[in-house]
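Protein chains: 2
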Amino acid sequence: MSSTIKTARTKVKRLPERGVYDPQVLYRILDEGFVCHVGFIMDSQPFVIPTGYGRVGETLYLHGSTASRMFKSLARGVPVCVTVTHVDGIVVARSAFNSSMNYRSVVILGTATPVIDPDEKLAALRAIAEHIIPHRWADFRPPKAKEIKGTSVLSLPIREASAKVRTGPPHDDKADYALPIWGGVIPLRTTVDPPIPDSEAAGMAVPPNIAHYSRARKSS
Amino acid sequence: MSSTIKTARTKVKRLPERGVYDPQVLYRILDEGFVCHVGFIMDSQPFVIPTGYGRVGETLYLHGSTASRMFKSLARGVPVCVTVTHVDGIVVARSAFNSSMNYRSVVILGTATPVIDPDEKLAALRAIAEHIIPHRWADFRPPKAKEIKGTSVLSLPIREASAKVRTGPPHDDKADYALPIWGGVIPLRTTVDPPIPDSEAAGMAVPPNIAHYSRARKSS
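These protein sequence lines map, in sequence, to chains C and G.
The first sequence begins at 1 in my numbering and counts up by one.
The second sequence begins at 1 in my numbering and counts up by one.
I should point out that these hints are in silico values taken from the structure, not numbers from a laboratory.
Please note that the accuracy of each hint is not assured.
If chains are identical, the list can't say which one is meant, so a pair holds when it fits in one copy or spans any two.
BS3-like, lysine-lysine: derived pairs with alpha carbons at most 30 Å apart [to be verified]:
hint, residue 1, residue 2
1, Lys149, Lys11
2, Lys121, Lys174
3, Lys174, Lys146
4, Lys121, Lys149
5, Lys11, Lys164
6, Lys149, Lys72
7, Lys146, Lys72
8, Lys146, Lys164
9, Lys146, Lys121
Because the structure is a prediction, the values reported are computed rather than measured.
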């Protein structure tokens, strides 16, 4: 089993009690989501772009068009930061200062590397697709050579990484608890509505992995 | 009425039909969320950190502890990128290549400036708090001088900015529609569960802005 590395750059300095470095915790947070925010630098300007991802063991895979500025830039081997965030609730304190959010986030630093080997590339594309919809790969029309060629896949080791997690009720100033002000948490979560077939799929049986879609994921 | 600026840096190049530059559309996307991802550079490394925000007209406000690395770094007046993303659905195509997501995202580039003026700072803190929970400010215990001093507030003009929006069903290859493969959209949305009072608020009436909390926002 691997471990992540706590460096000076990924150590949670503000509110260090919220810092988590256990890879299994990081993996669970990563596996529950499927959109990350990728940070990279172009001409001294940081850019933050949302994109899909998948995970295979200790590796995070990103994919995009070979024509995209971001993937062209990343494929050169530049430093990136990949962040995944789940907002679980609004922490309603008795003061603005103590108000907060319940969340789980993972920050991964490193250099993304283009995946060139055709077998690894296909495996990565499958991992990303099935990270989003389990077992979907077998139902897809098989990929064409030009589609694979037109897709850039990048791998990023989940090594220099940390999670930050806040849970539970507000932490108000002691004196503030005596005030007649409501305090607690407004829980938030992502829900899945019934799938909407397109016109060609109307009347077709909905596959079980679509009909019973959920973002709750087992972690391995 | 203001307008955002479409520069070479914010022009949507990949799939330009998804690019949106109307400020009112940007504001609606910004107002529906309350967590952004802030990108900045430290020692040649990009960082992407989730944080709360508020909007007043054409200005985005961020706040954080004056002790945080991010806010110390941002307060020096460095280039930032602030991105807000809503994932509205998974677009299930008949091929992996045509699979996609429905989303609305805003990317703002610029330089964040510390808000020094005490009145503007208080107004910004109020805007951030009420961006998250409308009308909450009046219910809070009033802020203390040391709390305001310990909070760093940054303003970022919503000027060099663009939105990217995808909606609707998959766009499959024409021939793929004849295949016996389901295609459509799995809609996703953020839901609010009933508020959970902390032990001191148990039995207290829940204020209407908490009891009927919703992320649907009017835009102005």
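Each hint, compared with the structure:
no. : hint              : in the structure
1   : Lys149 <-> Lys11  : between (38 Å within a copy, 25 Å between copies)
2   : Lys121 <-> Lys174 : between (56 Å within a copy, 26 Å between copies)
3   : Lys174 <-> Lys146 : between (64 Å within a copy, 16 Å between copies)
4   : Lys121 <-> Lys149 : within (10 Å within a copy, 51 Å between copies)
5   : Lys11 <-> Lys164  : within (10 Å within a copy, 33 Å between copies)
6   : Lys149 <-> Lys72  : within (14 Å within a copy, 43 Å between copies)
7   : Lys146 <-> Lys72  : within (18 Å within a copy, 47 Å between copies)
8   : Lys146 <-> Lys164 : between (40 Å within a copy, 26 Å between copies)
9   : Lys146 <-> Lys121 : within (13 Å within a copy, 54 Å between copies)
In summary, the structure agrees with every hint in the numbered list given earlier.
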